[in-house]
Every structure is written in C-alpha cells, then in structure tokens.
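The listed protein sequences derive, respectively, from chains S and Z. Convert by adding 6 to the 1-based position in the first sequence; the result is the number in this note's numbering. Convert by adding 6 to the 1-based position in the second sequence; the result is the number in this note's numbering.
If you are wondering where the hints come from, they were derived from the structure by calculation, not from laboratory data. A quick note: this is a predicted structure, and the numbers were derived from the prediction, not measured. Take these hints with a grain of salt, some might be off.
It does not matter which identical chain is meant; a pair holds if it fits inside one copy or across any two.
[To be verified] Dumping the calculated EDC-like pairs for lysine to aspartate or glutamate here, alpha-carbon to alpha-carbon at most 16 Å: (1) K436 with D161; (2) K216 with E231; (3) K293 with E394; (4) K68 with D78.
There are 2 protein chains.
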Amino acid sequence: MAQKPSIPKGTRDFGPAEMARRNYIFDTIRSVYALYGFQQIETPAMENLSTLMGKYGEEGDKLLFKILDSGDFMRGVDPSILCEGGTPKLAACICEKGLRYDLTVPFARYVVQHREELTLPFRRFQIQPVWRADRPQKGRYREFYQCDADVVGSDSLLNEVELMQIIDEVFRRFGIRVCIKINNRKILTGIAEMIGQADKIVDITVAIDKLDKIGLDAVNAELAEDGIPAEAIERLQPIIKLSGTNEEKLATMRDFFGANRPSPDLPVREGVECSADDVQYSEIGLKGCDEVEFVLNTLHALQPCAVASGLSAGVELDLTLARGLNYYTGCIFEVKALDVEIGSITGGGRYDNLTGIFGMPGLSGVGISFGADRIYDVLNQLDLYPKEVSTATQLLFVNFGEAEAAYTLPALAACRQAGIRAEIYPDASKMKKQMQYANARAIPFVALAGESEMAAGTFTLKNMQTGEQRAVSTQQLIEAVLA
Amino acid sequence: MAQKPSIPKGTRDFGPAEMARRNYIFDTIRSVYALYGFQQIETPAMENLSTLMGKYGEEGDKLLFKILDSGDFMRGVDPSILCEGGTPKLAACICEKGLRYDLTVPFARYVVQHREELTLPFRRFQIQPVWRADRPQKGRYREFYQCDADVVGSDSLLNEVELMQIIDEVFRRFGIRVCIKINNRKILTGIAEMIGQADKIVDITVAIDKLDKIGLDAVNAELAEDGIPAEAIERLQPIIKLSGTNEEKLATMRDFFGANRPSPDLPVREGVECSADDVQYSEIGLKGCDEVEFVLNTLHALQPCAVASGLSAGVELDLTLARGLNYYTGCIFEVKALDVEIGSITGGGRYDNLTGIFGMPGLSGVGISFGADRIYDVLNQLDLYPKEVSTATQLLFVNFGEAEAAYTLPALAACRQAGIRAEIYPDASKMKKQMQYANARAIPFVALAGESEMAAGTFTLKNMQTGEQRAVSTQQLIEAVLA
Chain S
7 MAQKPSIPKG
17 TRDFGPAEMA
27 RRNYIFDTIR
37 SVYALYGFQQ
47 IETPAMENLS
57 TLMGKYGEEG
67 DKLLFKILDS
77 GDFMRGVDPS
87 ILCEGGTPKL
97 AACICEKGLR
107 YDLTVPFARY
117 VVQHREELTL
127 PFRRFQIQPV
137 WRADRPQKGR
147 YREFYQCDAD
157 VVGSDSLLNE
167 VELMQIIDEV
177 FRRFGIRVCI
187 KINNRKILTG
197 IAEMIGQADK
207 IVDITVAIDK
217 LDKIGLDAVN
227 AELAEDGIPA
237 EAIERLQPII
247 KLSGTNEEKL
257 ATMRDFFGAN
267 RPSPDLPVRE
277 GVECSADDVQ
287 YSEIGLKGCD
297 EVEFVLNTLH
307 ALQPCAVASG
317 LSAGVELDLT
327 LARGLNYYTG
337 CIFEVKALDV
347 EIGSITGGGR
357 YDNLTGIFGM
367 PGLSGVGISF
377 GADRIYDVLN
387 QLDLYPKEVS
397 TATQLLFVNF
407 GEAEAAYTLP
417 ALAACRQAGI
427 RAEIYPDASK
437 MKKQMQYANA
447 RAIPFVALAG
457 ESEMAAGTFT
467 LKNMQTGEQR
477 AVSTQQLIEA
487 VLA
Chain Z
7 MAQKPSIPKG
17 TRDFGPAEMA
27 RRNYIFDTIR
37 SVYALYGFQQ
47 IETPAMENLS
57 TLMGKYGEEG
67 DKLLFKILDS
77 GDFMRGVDPS
87 ILCEGGTPKL
97 AACICEKGLR
107 YDLTVPFARY
117 VVQHREELTL
127 PFRRFQIQPV
137 WRADRPQKGR
147 YREFYQCDAD
157 VVGSDSLLNE
167 VELMQIIDEV
177 FRRFGIRVCI
187 KINNRKILTG
197 IAEMIGQADK
207 IVDITVAIDK
217 LDKIGLDAVN
227 AELAEDGIPA
237 EAIERLQPII
247 KLSGTNEEKL
257 ATMRDFFGAN
267 RPSPDLPVRE
277 GVECSADDVQ
287 YSEIGLKGCD
297 EVEFVLNTLH
307 ALQPCAVASG
317 LSAGVELDLT
327 LARGLNYYTG
337 CIFEVKALDV
347 EIGSITGGGR
357 YDNLTGIFGM
367 PGLSGVGISF
377 GADRIYDVLN
387 QLDLYPKEVS
397 TATQLLFVNF
407 GEAEAAYTLP
417 ALAACRQAGI
427 RAEIYPDASK
437 MKKQMQYANA
447 RAIPFVALAG
457 ESEMAAGTFT
467 LKNMQTGEQR
477 AVSTQQLIEA
487 VLA
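Isolated chain S (complex conformation) (with noise of 0.2 Å):
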C-alpha cells in the first residue's frame, strides 16, 4: 500500500548493536562524572523559546526547532503580521516552545530557577539529545547527545585540574589516545591588547588557527588583508611561532606580555631598568599565564602519583585554540584523538556569568562536553569496543513443540536465574530456520532437547563458533556459557 516510511533527514534510528555500543560510551561517561562528585540533572525537551531565542546568536535563533501551539493556535493573531514582520514574526506568535540547542542554556536556566535548593558550589552533569536545524551533512545530525559536566558557583582552578582529569581518565577508559591543548582566554585577550588590537581578536585567532594548514608566510598575509597594521603583525611573530615546551611557551609569553618589566600601576621593581619601549605590560595576559601555568603544574604534580592518576594523555598549551570566543572568559580545553583524522571530540572553558543572562549575575562557572557522535566514530574506526559492550542474547533453547517448550521452561528460567541473557524460539519453526535465527542474531550457545535429551535430563549444547556439540544438565550448561 503506502510507500515505505522514513524518519524526518538528519536524525537516526539506533538498532540494537548502535545502542549497545552508545550504552557503553553513556555509561562510561556517566560513572566517570559520578567518581568526581558531578550529580546528574535531566531537563524537558521543550523549553520556553523565551529561554532559548537570543542565546545563540542570529544564526542561533534560525537553527531552533519551534513547535506550534496546540489548538487553535492562530486564535488572536492577525494574518496581517505576515506582511509587516514576515515569518519569523509569525513564528514568534504561533511558537510558545522550542526543543533544546545545547544543555548549557537549559542549565543556566535550571540553576537560576532552582537557587533556592541548590547547595553551591554545584557540580552537575546532563546526558541528552539536542536538536539543530542545521543543514544536515556527513557527521552533522539534527538530532545528537551532548555529555556535560559542569560546576557553577567556584573560581578555583581545581575545577579546572578535575575537569582535564575527567577528560583524561575517559579517553584512558574508551582505550583512544588523545592530546589534550589547553588555553585560556584571557592569554588571547593580552595579545590583542598588547599588538594594540583589542577589537581584532576574532580575525587574528582565525588567522593564527590556519598554522598548520597555509604556513606562515599565508597567515601573515590574511593578517595583512584584515587591517593589522605591519607593526602589529611584526609583534604577533613570536606567538605565532611559539613551540617548545609547555613551560618554554609560557616563559615566552610571560615575557611577551612584560613580565619583566614594570607594571604601569606597580611600583618599578627593584634592579629592572625601565625604559620607554618598556611599559607595555598587559595584567590579564599574565594572569593566563598565572591560571594555565597553576592547572599544568598541579596535573605535573599528580603525574608520577601511586595510583597512575596522573593523566596519562599529552597536555599542550596551544595559543590558536579559541572555542567560542564570547563565550569563555578564562580556561579553554579542547581534545584531539591521535589515531584518527576527525575534529575535536571534547570541548570546554570557563565562563564568568553563565546565569546572568536570566539575571543572577556572579556566578563563575566552568564545564567540559564529550561529543558522543564524534566518539562512537573514533571507537568503531579503532575498534576499540571491550567484547562485553554487547548485551545481546548469549543462549537460545531450540523449540520442537509443546511437551519439549514445557521441559525447556525450568532451564530457561535457572540460566536467567544465574544471570544469562536467554531466551527460547516463540514457534516450534522448523530446525534449520531456527538455527538461522541463533546465527543471524549471533548468538553464540544453542541449547536443544528433544525425546532423548527429555528422557536422559539432559540438553545438547552446540557452541556455535566452534560447532562442538555436547550432552549437559542444566548447571553444566550454565557453567558453560557462563566460562
């Protein structure tokens, strides 16, 4: 009759061997969150599109899926709006609620609605689906899993230390190498000051970030195309190729940033001449400084710890890494898989005034969010799956009719009993059909009895990978696909 159904382009079904595998990274998120004391919240699907418009931007605003008022729902509305403000002038008066963009927002919004009850300062985590009307593409879904953890209500960098840690002892979990590049804000800020530069920040990141792409001599040029000024540019050399060492970076910046010379508000500091060209000095690059260099020497600290928690991933201060530039104001983290070409699979920073924006100012709040999708690929391309993601049937009894069923029962129920996923074929269907379902399915013991095995109490167990088959009593075949 009707053609075959489809699901609405840029979402996904998950079957059983997907939900296994997605299981495992949910889970293995969740109880790492849970070992640093992160408590999980859920929020609805639908929020108020007062909650959600103006928070993502213009763009933003276009990419929220809004859902039409039930009932009447152009009861009040005059059609003439359609001329005056266009569609989404219209939409604003049929659309009461959209679905969530991102957990960030839903949770500034549940932290603000919630104060009266919550304990600061509060670490909570959300495991959810968003959805984004964006252009569907390979990799780019309208329906996908955000994994947040964060903490509202704290200044202190160790926040900042237990958020990498979280992010190291996962991917040490899921068994993918990572490098872990960590910046902060306020460095990129500095910059931008000392060049003389402050309103091109964006653009310089967006050269600088090209590096490894173009080289040098190009992202110089872009510089150049975007108004820098030459000087400026000639100022910017050093940190654009800045390498070495963590510790050789942050000397080099320290010292860019006029760690050695006076402060413009500070008294001149004993034995350091001062000079004209000497009082650039910018206070907020060195206090990235002061945060990056305080989480990499406290993670140092932990390395050679007893108990291997120490991070076990690499750990680079990378000065391209900008990551929603007004968004964060102090430490930025993002991971790169090292086996495997794709983006970045986790991200993060802190942002100085999450909740202001439903009007409770100061608070301090930093987090991190696993890409869920991007790391089911990493996991599939390395196969890197431990063998009991599965959850899927590892028993099937054979059914050859009624009396047959009825002697199964009872052993069907002990190996459920000792914990065995099992299950007995509906429908006295014909052998071979039967043993088609165990293999498509992949199960990997089949159980049968018929007159004889009724008569001795026994089951003949097939393994069916290596086909030997034998005659067993019920405990001897749980002890057998329990081994």
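Chain S is fixed; fit chain Z onto it per the hints.
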C-alpha cells in the same frame, strides 16, 4: 533583571535525587528485558507527521506536538487556507514533523523501514520519552517516559508467558507487590457474539468494568440504558457475577461459549444431546479461553520450579479488563499495585496487525509497557528504594588552601581509583561553609588535612552520621569509606 525563568507546563526538571531513582527504575527494567533476549533500539524524537497522523484517533491527532518547518515556512502557503480549512489545515502546511506520541507507532515504522535488516521474530525494547499536548494535571505530564518491550513476527503464546514473567521479575526486583490481571480480547468478542450484541461490545465492557464501584443493579441499569435488550442482559448475568479461581472462571466461560454443545460446523459429538437452544456456540470465545488457559497453565507449571522462577505475583483472570479494545486482538494484561491506590502501572497485549498501517500486513505482535512515572510514585510512597540507588558523593576533602590541597590531591585520586565517589571542596572557604556543603549534600564522610596531618602523612576522617573522628592513612581512609 528578568523574572525567574520557568519551563513549559506539564514538563519537569529532574534533580540529582530524582535522577538516581529514575535511573534505578530504568536500569532494572532494562536488565530484565535483556535477560529475556530483548534488544534495545532508539528512534528519533521527531517523526514525520505522515507517520504519526491518523494512528491515535482524531483526539490523538490534536494531542500531537507539531514542529514548525524551519526557514520560510509560509512559502507557497496561501494564507486564505485559513478561511477554507482552519488551523488544522494550515498546521499541515507549515509542519512536516511532530514529536513522538508513544513508542508503538515509531516501532512499527522502524520494523517496516528496516525489514531487510531484521531477523524475525524481533524482540525489541525501547525506553524513551514521549510527548502529548494533554491538559496537564496531577500525575499527567506532557513529557514522560515509556518503557516498552514487544515481540513481532511470532504467534506463539510463549511470548505472552515470557512477558508475564518479565512483569513479575521486574516488580519482584522493585519489591512492589502486584496482581497481574489477564483477559483476552477473543473472550470479549465471544461474549458480545453470544448475547447477539457484537456491536455493543464497548458499552458492555464499560458497564461491567464499573461493577466494583457501583454494584450489580447499577451495572444492569446502565446496560439497559445503553439499549441492550433485557434478554441479553439476562444472559450476561453469569459473566458479570463471575467469581472463583481462574480455573472456575474458565470453566464457566467455556460453558457459556457452548463448549459442551456441538459447534454448528462440527459433527455432533457422541453422547451430547442437541436441542434448538443448544446450538449457540462461540468459536472465538473458546479460542480466547484456550489462549488464557495455555498461558496460566504454563506459568503454573513453572511455579514450583527450584530456582523460584514461577511468578511471585498473583495472576487473575478479569473479564472486565478491556484496554484499548480496538487495538488488541488476543491476550491483554494489566498490573495493579496491591499496597498503593493508583491506576494500572503496567499494561500490554497482543495485536495482530501492527505494521499493516505502514503497508506490511500479517505481522503479529505482543508487547508490554511499564509506566515509569507511576512506578516512581509507588516506590516513593512505599519507600522501597535500595540504599545503593544513590550515586551521590561519598567523601569530601576539606580545602584549607593551596598547600593542603596539593597534599590532598593524590589521596583523592587514590580514592577515586578505588571506586569511591569523592571530591575536594574547590575553594579554600571557611571551614563552616565547607561543612554546611557536606551536610546539604548528605555526604557521609569528610576528610581533612592541616599542618599536623601533613606532617604525619595522615588525614582526619570524620563520619558525619556518628560524628566520630580519627586519624587515618590514605589506605585506611579508603577502607573506612568502602566499609
């Protein structure tokens, strides 16, 4: 600045304590489903409206949340459509997608769409939220979870048996005492046939269903009001007053359906006399009795099973049980909690043509659905959550400053390595504030290290319940918290 933000009516935020309890419910159901060979799938929150519309009746169509098309949704829509077709017609023009209303229709769509990849019989489970634009009221939400398991592609009654075992096992694990009610749609059809009122089956069932509340006379009055002839009401009396054991009820029903009379299509049985009054005979009613009897007998045979796999719950044949009469075609189930006054907490049954609506006829299915929200209420009222449900922090390290924190971090890492959910208070706030945090979070152990502990290489561990304090090594600390 702004007023306190809120969420759409009928939706809920779940905080950490609620999440721990909800996860316990979902995890329990999930693991029992897996034990019985059911495989998890997930489908998108959004389905095409063409998939959803017309599947839940006219009322259901109105309760679907529709998603406004993105971009210029009015392009090509003649605004005069409003005058012709009203808002439903306009909605159909500007909305292509809707939120899923249940898990059954998406499952049917999934089976048809993925028919080539599936091995039948297909045993799937699915635990996801659904959305309905219902009028919100106590215990009824616009977003709530369903926990469904279905088998498609098998007519065997063993599926019904196993679903009842699953129901029993889940409630046994929860510690909720329940009664499982069973009926069969064929018995209801048979009853209507026998009294010559096949078209009045809904009225009859609705009336009989009220017996408990309004009594026999009122039921009979209602039947008369519904236009059921006095003679038919008379014939119904043995059914309405049906009592006794399941076996007795089945015997009565068999008699009512003419089990001892000759079928009009069958040769007259020897020794049975045949008069004009005796020709009434319901093949379908007897088939329903056979089905119920097979399920009850098979369960009964498991009852004394050594591994306690027989049902612990009572099973009651209840002819007043109807459940979505037009949907089901065979056995139907419903579960009532014995110790809490609440509606049905689980239900299900067999339907013979689930996928027919998507052009794939002839596939029989049977399924159940646990009502997670009501189960949550029952567990709360009876206070049945196991202690281990909480995934909250077990140990807090007090933060006295940078040096003390540095001393603490390796011990914290060792605790987490040992599986203890632990945290350090991130800021070096006043001791009082940190202890208040531990109390508010109900953290059972607090560890602290000041100068003297650092000198001795120990921590002071405080049991927050007893107030007891003692000096411990890191290893002793781990043992104390895990004890």
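Now the hints, each set against the structure:
For the homomeric pair K436 and D161, the shortest alpha-carbon distance between copies (15 Å) is at most 16 Å, but the shortest distance inside one copy (68 Å) is not. Taking CA atoms no more than 16 Å apart as the test, K216 paired with E231 passes inside one copy only; the shortest distance there is 15 Å, against 82 Å between copies. For the homomeric pair K293 and E394, neither the shortest alpha-carbon distance inside one copy (47 Å) nor that between copies (44 Å) is at most 16 Å. Taking the shortest Cα distances, K68 and D78 sit within 16 Å of each other only across copies (10 Å), while inside one copy they are farther apart (24 Å).
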